[in-house]
Amino acid sequence: MNFDMNIFMDSLLQRAPGYIPEHFMLVVIPLTIAVLISLPTGILLTRPGYRRHADRVMAFFNAGQTIPPLAIIAIFFPFLGLGYGPAVLALTIYALLPIARNTIAALSAVPDDVREAARGMGMTPGEVLLRVELPLSVPIIISGIKTSAVLTVSTAVLAALVGGKGMGAIIFAGINFFRPELILAGTIYIGLMAVLLERLISLAGWFLTPAHLKGT
Amino acid sequence: MIRLDHITKTFPDAVRPAVDQVSFHVNKGNICILVGPSGCGKTTILRMINRLEEPDGGDVLVDGRNVREMDPSALRRTIGYVIQQIGLLPHRTIEQNVALVPELLKWPRGKIRERTMDLLAMVGLEPGEVGHKYPHQLSGGQMQRVGVARALAADPPIMLMDEPFGAVDPIVRVRLQDEFLRLQQTVKKTICFVTHDINEAIKMGDFLVILKQGRLVQTGSPLEILTRPADDFVLSLLGDDRGVKILDLTRSESLMTPTDTLPEGLCGNGCRVQTVQPVKIALEMMMKNNADQIGVWRGDEIVGRLSWNDIKTHVNRVSG
Numbered sequence: 001m002n003f004d005m006n007i008f009m010d011s012l013l014q015r016a017p018g019y020i021p022e023h024f025m026l027v028v029i030p031l032t033i034a035v036l037i038s039l040p041t042g043i044l045l046t047r048p049g050y051r052r053h054a055d056r057v058m059a060f061f062n063a064g065q066t067i068p069p070l071a072i073i074a075i076f077f078p079f080l081g082l083g084y085g086p087a088v089l090a091l092t093i094y095a096l097l098p099i100a101r102n103t104i105a106a107l108s109a110v111p112d113d114v115r116e117a118a119r120g121m122g123m124t125p126g127e128v129l130l131r132v133e134l135p136l137s138v139p140i141i142i143s144g145i146k147t148s149a150v151l152t153v154s155t156a157v158l159a160a161l162v163g164g165k166g167m168g169a170i171i172f173a174g175i176n177f178f179r180p181e182l183i184l185a186g187t188i189y190i191g192l193m194a195v196l197l198e199r200l201i202s203l204a205g206w207f208l209t210p211a212h213l214k215g216t
Numbered sequence: 001m002i003r004l005d006h007i008t009k010t011f012p013d014a015v016r017p018a019v020d021q022v023s024f025h026v027n028k029g030n031i032c033i034l035v036g037p038s039g040c041g042k043t044t045i046l047r048m049i050n051r052l053e054e055p056d057g058g059d060v061l062v063d064g065r066n067v068r069e070m071d072p073s074a075l076r077r078t079i080g081y082v083i084q085q086i087g088l089l090p091h092r093t094i095e096q097n098v099a100l101v102p103e104l105l106k107w108p109r110g111k112i113r114e115r116t117m118d119l120l121a122m123v124g125l126e127p128g129e130v131g132h133k134y135p136h137q138l139s140g141g142q143m144q145r146v147g148v149a150r151a152l153a154a155d156p157p158i159m160l161m162d163e164p165f166g167a168v169d170p171i172v173r174v175r176l177q178d179e180f181l182r183l184q185q186t187v188k189k190t191i192c193f194v195t196h197d198i199n200e201a202i203k204m205g206d207f208l209v210i211l212k213q214g215r216l217v218q219t220g221s222p223l224e225i226l227t228r229p230a231d232d233f234v235l236s237l238l239g240d241d242r243g244v245k246i247l248d249l250t251r252s253e254s255l256m257t258p259t260d261t262l263p264e265g266l267c268g269n270g271c272r273v274q275t276v277q278p279v280k281i282a283l284e285m286m287m288k289n290n291a292d293q294i295g296v297w298r299g300d301e302i303v304g305r306l307s308w309n310d311i312k313t314h315v316n317r318v319s320g
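Heads up: the sequence lines are chains D and H, in that order. Residue numbering for the first sequence follows this note's numbering, starting at 1 and increasing by one per position. Residue numbering for the second sequence follows this note's numbering, starting at 1 and increasing by one per position.
Only chain D is shown next, with the shape it has when bound in the complex (with noise of 0.2 Å):
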């Protein structure tokens, strides 16, 4: 296999970054979809009563972390066919775990004399949660979601493989035909858009952090 610089080129700069928005929407919606599921049940999964069910609810998000997503996508074949809806639902199953598994322990990390004292001075229990809990608990959180994120621009490639588009057309293109031009340039912007989406948490991470937890 020779590699043509040309080709290389062509599909760096006129090709590959056409599947960006396609394959940053691939990302961003069952990342999205996976926070709003994730972050309600970790929180759910804290609170007194709903603890004991904690065990059970993290053995099916584990469960959805090994099963591989083309194999999610077969599950749902019958239901739900080929093509973006498949795809997306994988990918959100796929990313729910790191979230949730985040948001549990940061919210099992808050000192217990924390709650205890907020609750004495007369905090209601959504009090304690909005004022004290959750802005202790946004640096794991927000790694949680890191997590995620970076996990999605990589699996997200494999949509290509069900007709769910994005930067995966352009790689499994460069695999069919033995073009290692093709699978390195959707490779770079993969990692790229992986990098950058890190930062761009991070970034609003920071600005969610409590100042005494800053620059730690």
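Hints were generated in silico from the structure; no laboratory data involved. Ideal Cβ placement from N, Cα and C applies to all residues, glycine included. Hints are all accurate, no fakes.
Some, not all, of what chain H presents toward chain D, calculated at C-beta under 7 Å:
no.	residue
1	S73
2	R76
3	R77
4	Y81
5	Q85
6	L100
7	Y134
Ranges of calculated distance between the beta carbons of each label pair, as one might list FRET restraints:
no.	chain 1	residue 1	chain 2	residue 2	range
8	D	P210	H	N199	33 to 41 Å
9	D	P40	H	D240	55 to 63 Å
10	H	P12	D	G163	51 to 59 Å
11	D	L70	H	R16	53 to 61 Å
12	H	Q137	D	L208	21 to 29 Å
13	D	R56	H	Q137	40 to 48 Å
14	H	G140	D	F60	40 to 48 Å
15	H	P37	D	T66	46 to 54 Å
16	D	R51	H	T10	16 to 24 Å
17	H	P12	D	G126	19 to 27 Å
18	H	H6	D	L130	34 to 42 Å
19	H	D169	D	P125	33 to 41 Å
Put chain H on the given structure of chain D with help from the hints.
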């Protein structure tokens, strides 16, 4: 002000009740100390007053109202709460920590700020210096002062204190105790205070509640308990220096023989006690000056004398 009526609490899977049929009441403006070894239920009792725990049986009345009928969060905002671990919110500055309850009560901003500054000064901190710091930047003693300031913030009539000075070193502890007693002279709160340290209990308390394994063993003023311990448990809790502790709580004037002239053989001018000073101080003076007697003065006037024999007789009489 606070009345507990046959309070009982058994935790799930426990073999015996943590609190068993305990009743007592705390008068307005008094410091009531719950004292006993660990596991005696003192903290649980305290937490049932502000409904951090719910009793299985019995009633808690605050200001004549049954706490069961009050909203727990609203109730807690009217009761100051200080715990040994302090529990300052790590993500809020000292100022914001103290402002917590007034914020929950939706006080106007200016009033909260004014109150916060006053309180920090009141507990012996420099508001301009520590106000903008975070809890982790403070020493243990400073944090505990902030804990007290936070509890006092909304000027609650009642304070619950769970070993508030337990986590600081002995020197700081004594200073915090003294400052708190001085503060109490002006704020006159009704206080329920938990400790396992009998010396702290005797020093701080107007009224002691002695507990053992969830049961109430004895109640009374420190002097009442020192002079008439109910059983061997109370006796052992009071320690081997019970007589000396009694002398610490007895004013010199109560044991002196009245006189208006300075008799022969009374130790010199440098060796005198005031009527309100404890007999323990008189004893210390006599030992220092190798004297058998000491003059008791009210201001610049001699009003009596106190002899070694008087003290010995008194201790023997009251402690049996």
